[in-house]
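Residue numbers (our numbering), protein chains in the order written: chain G, 1 to 290; chain R, 291 to 675; chain B, 676 to 1029.
Honestly, I wouldn't trust all of these hints.
[Said to hold, decoys possible] DSS-like mimics (lysine-lysine), calculated; alpha carbons at most 30 Å apart, straight line:
id : chain 1 : residue 1 : chain 2 : residue 2
1  : R       : K607      : R       : K402
2  : R       : K417      : R       : K667
3  : B       : K842      : R       : K417
4  : R       : K582      : R       : K630
5  : B       : K842      : R       : K405
6  : R       : K675      : R       : K447
7  : R       : K402      : R       : K353
8  : R       : K417      : R       : K487
9  : B       : K842      : R       : K402
10 : B       : K1019     : G       : K82
11 : R       : K353      : R       : K582
12 : R       : K630      : R       : K356
[Claimed, not checked] Calculated Cβ distances over 10 Å to all of chain B for the following chain G residues:
id : residue
13 : F53
14 : I58
15 : L59
16 : I73
17 : L74
18 : L98
19 : S111
20 : A134
21 : T138
22 : F160
23 : A169
24 : A178
25 : G186
26 : L228
Calculated directly from the structure, the hints in this document are not laboratory data. Ideal Cβ positions, reconstructed from N, Cα and C, are used throughout, including at glycine.
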Amino acid sequence: MQLIVNILVLASIYALIACGYVLIYRVSRVMNLAQGELMMLGAYLLLTTGSVFRGNAILAVAAAVVLSTCCGILVYIFLMRKMTGGSVLAAVLATIALGILLRGFMILIWSAQQQYPGQPIALVSTAIILPGGARISTFAAALVAVNALAYGSLFVFLRFGRWGLRMRAAGQNPLLAAQRGIKLHGIYALAWALSTLTGSLAGMLLALDSGLTANMAVLGLKAFPAALVGGLDSLLGTLIGALIVAAAEVLSIQYIDPLLSDVMPFLVLLATLIVRPWGLLGTREELDRV
Amino acid sequence: MLRWVLGITTAILFAATASADDSYIVGMTAGLTGPTASTFAPVAEAMRIYFDRINAAGGINGKPIKFVLMDDQAEPQKAGANVKQLLTRDNAILLINSSLSSTFAPSIAEAKRAKVPLMFVGAVCPKEVYPPAEGGQYCTTAFASNFDSRATLTFIKGTSPDAIRIGFAAATIPVSRAEIDFAEKYATDLGMISVDKELIAPTTADFTPFATKLVEAKPSWVYSWAAWVIQVQLFEAMRRLGWEGNFLGWAHQEAEDELQRLKDPHLYVIGANTLFQEHLPVQNEIEDAATKANSRYPANQMSEGWIGGMMVEAALKQSGWPADAEKVQNALQNLQVDMKGIRAAPIQWTQSNHFRVNQSYRIYNWDSAKGQIVTAKDSLSYEIK
Amino acid sequence: MSDNSLTTSSSGHRIHHQGHVRSLRWTRWVPFGLLTLGLVSFAFVGSPFTLDLASQVFLASIGSLSLMLLTGFAGQISIGHAGLIAAGAYVVGIMSREWHAPFWLTLPAATISGGVLGTIFGLPSLRLRGLYLAVSTLALHFIVIYAGGEYEAWRGYATGITIDSPKIGEWEISSELAWYFVLLGAAFMTLTICWNLLRSRTGRAWGAIRTRETVAEALGINIARYKLLAFVISSSITAAAGALFAYNRNFVSVEAFSLYLSIQYVAMIIIGGMGSLLGAILGAVFVTLLPYAIEGTVGLLPHAERYVNELSALNYSAFGLVTIAFLLFEPRGLVGIWRRLQAKGMSWPSWNTH
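Full structure from sequences and hints, please.
Here you go:
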């Protein structure tokens, strides 16, 4: 039972980070490889807002969320917007460079020491006992809940929301969508905003649960296979992909070899690329637009 | 393009202007940033503060110390390059390494080639410093491979007459793994039952799966010898799973603050440095100096660096002036420095022992009744021969 | 570069007649000769520190040239370069530590294993293109690194594998001066190999594949063969660079081969200018020297010692910033800037009208 809980928690972590990849890819065919750093940015912002709004957890979290979403939009306006229409490879390399730049900035501003964002706002991670004897920490539970909420609202939004519909249109055929009056730049900015929002939520919850180190961005890369396995433009696929990757990792810790668990997401990634590169539920496309 | 030309000119100028001036040149390579920043940055800061104080008070033998600090980001290649630079560009007569163990081999190789002594401060002591020590490597760091585990397991064994179920946790860093492997064997030799051993990668997102496996094995004690981040995260994950046993980890610099934060009476730490709550005169000195220097690191994380500073000061004083690498080497091989209470015994180096003659440990934990950290066991001592 | 038409040859003169071209051709070699003279004399003027720096640049250019072949010319994206360097370095480490093999055995062995690994890295390229290919190289990089780390742990090299300097008879290659010439020679050899490759049938096939793969196939070019060839050749050169790296540092450990290293190489070919051998070299020079330039600049500030902690973060930020700047404003890289300066230099009398 505990194993299932562990898998669920890890899957939620990966899924919440990975939905950022999917949103941006679906809309603009760009892989945002700076997602890990953007996620970490959310956690560091919480550290700052926490010391500003001491003791007031809700305000601190809300402020951090707003700030990081703004950062996502700023990233689009100042960087990615100029790369639209150009080579997709160049756009991806721009995101890699952005990730490195962000990492440098974050260390410059907040130093590389280990921090605990939960301390100023008095949020402590405790355990909840579930039926069946398994235990889950409060923030891990929050992660699962937030993940479900995020995916749920994204499903509804993309299916029924006005802007959601536009996003799907822009993703399917940007030229046609633009000709029909859909503001592509606005759509892209929205995608970046949503992506940073979900990523930073994941970062904040992770940091509240187990502390914040400058190395947290690596998780962004580990979450990427989840998106790829499920299909880079399918949200539902990413959920399933996250479950698969998390299950592989947790089960290898339990039954095979804990050492293998670190490289397990990439083995799964490789297997997918060999067998079914477009993922479980992704659109079978030409696989490149370079 | 222009920037490139400017850059290379600057680099060449920079290289050209550095020369041996009228001071003791001490070079240091440290893992200031990167995954190990929390451990080594305070060490470097403490040493800088220490040397600034000495220079403000007139220097050693009337000459100032020129302290050149370089960041190697805990990368071996960079550490080797740093040491090379410190030797060729800055002409250091004494080198210090405060970084991850994988940086040791290149540092030692470069230092050996130039015949300049290399001191390890705050970094795990390499095997070259234990007797019989023949190269020019020295070590002040509190933790010692194998002796740490011996002291720990002796203490744990002493807590109960029955066969104790013990679990182990290491990081996937080779030094940590080697130590835990040794500990597992030693524990079995002492009559304890090793129920599980976990190897945890530093890039793990969630420690719960590892904690799950450990908890399922139902140990009454868990021993971990790894970076504090790994120790504490594993401990907290195990507590969240409802485990109520005893956990013992190495007392890294953050340990004092962390014991205060966690307030768990079954969390023990073993270390060789006295905690700051004892308010020894030298510790007040450190706090004073740290405040005056506007240090970004808490004073109670500066013991290792301060000790390093004390050893360097003593060695340079003994070398006289003018000093060169050979004189410093001779001084280091014949050095005994009183630790003013930070360590239980003075650090003594001889020709064949560059670690220390006496290694002494204390075990601390939180006492809920008193609301403070107390000593669970005092002076577990070993003679290093 | 056609000889007998109204074109601009690389020496920058408008040539109308074939005869004139032939007699002025030799001037092309003058800058090259000067450069060689400069490089050789620098060896005797520079300090050990600057010689080592130059050696690092030469070593980096070998890696960037091989990546330029693969990505810039054959159009196959790879961000697993560090994994290949690691492979070459580990072969040297294993062979020299376990079997005490001399360098004239380990270097070819490293190169061959690079080629073998290149075949594996290249297999996905038969099915995937673009970003998916890049991702597969990323996954392979992590797996190679993991294997290296496991080997270290299994054989007890807790702190990495130390390697003795290569010896020719009694003479050991360990001084900065010796390595300067060795790596300069290696870089020059790599450049020659690349240049010849590009002018051969293989190079032309790569160009066709990069531009329009389907058309190339229609023209009868065996896509699979040339793609794999690109990977194999590129990886062999890269692994050889890794072997030289291992000997130069006398040390191999898994931490040296991070993802950041792969990205630095990709940045080299972007900043240098895609599709140009000169670009690969310029990019290697720039990316290798950037951290030193920053360190030098920070060293000029008052209280320079206070910024040591920040230095590596500054390097990261500067690297990211510079790469982004080139992507946004100068997509043709340093070579693009160079050609622009050349063109400007050519139209010298008429600057005022531009």
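Do the hints match the structure? See the list:
Between R:K607 and R:K402 the CA atoms are separated by roughly 23 Å; this keeps the pair inside 30 Å, and the hint holds. A threshold of 30 Å between alpha carbons decides the hint, and for R:K417 with R:K667 the separation of about 28 Å falls inside it, so the pair holds. Restraint check for B:K842 and R:K417: satisfied, since their Cα atoms lie roughly 28 Å apart, inside the 30 Å limit. Only pairs whose Cα atoms come within 30 Å are accepted, and R:K582 paired with R:K630 is accepted, the gap being roughly 21 Å.
As the CA atoms of B:K842 and R:K405 are separated by approximately 22 Å, the hinted pair is consistent with the 30 Å bound. Of the supplied pair hints, the one linking R:K675 and R:K447 holds, its CA atoms being roughly 25 Å apart against a limit of 30 Å. A threshold of 30 Å between alpha carbons decides the hint, and for R:K402 with R:K353 the separation of about 26 Å falls inside it, so the pair holds. Only pairs whose Cα atoms come within 30 Å are accepted, and R:K417 paired with R:K487 is accepted, the gap being roughly 25 Å.
Annotation: proposed proximity of B:K842 to R:K402 holds, straight-line Cα distance about 19 Å (limit 30 Å). The hinted pair formed by B:K1019 and G:K82 meets the criterion: a straight-line CA distance of about 27 Å does not exceed 30 Å. As the CA atoms of R:K353 and R:K582 are separated by approximately 23 Å, the hinted pair is consistent with the 30 Å bound. For a cut-off of 30 Å, the pair hint linking R:K630 to R:K356 stands: about 25 Å separates their Cα positions.
With a closest Cβ-Cβ approach of about 27 Å to chain B, G:F53 is found to remain outside the 10 Å limit, as its non-interface label requires. Under the 10 Å C-beta cut-off, the non-interface status given to G:I58 relative to chain B holds; the minimum distance is some 32 Å. Once the 10 Å rule is applied to beta carbons, G:L59 is consistent with being away from chain B; the minimum gap is 30 Å. At roughly 17 Å, the least C-beta separation between G:I73 and chain B is larger than 10 Å, which holds for a residue marked as non-interface.
Against the 10 Å criterion, G:L74 stays outside the reach of chain B, whose nearest CB is about 14 Å from its own CB. A beta-carbon of chain B is positioned within 10 Å of the beta-carbon of G:L98; the least distance is around 6 Å. Against the 10 Å criterion, G:S111 falls within the reach of chain B, whose nearest CB is about 8 Å from its own CB. No beta-carbon of chain B comes within 10 Å of the beta-carbon of G:A134; the shortest separation is about 31 Å.
Annotated as non-interface, G:T138 keeps its C-beta farther than 10 Å from every C-beta of chain B; the closest such distance is 32 Å. For G:F160, the non-interface assignment is confirmed: its Cβ lies about 30 Å from the closest Cβ of chain B, beyond the 10 Å cut-off. For G:A169, the requirement that its beta carbon stay farther than 10 Å from each beta carbon of chain B is met, with the minimum near 22 Å. Distance to chain B confirms G:A178 as a non-interface residue, since its nearest Cβ pair spans about 22 Å, more than 10 Å.
Every Cβ of chain B is farther than 10 Å from the Cβ of G:G186; the closest lies at roughly 21 Å, confirming the non-interface assignment. With a cut of 10 Å on Cβ distances, G:L228 falls inside the contact zone with chain B, its closest approach being about 7 Å.
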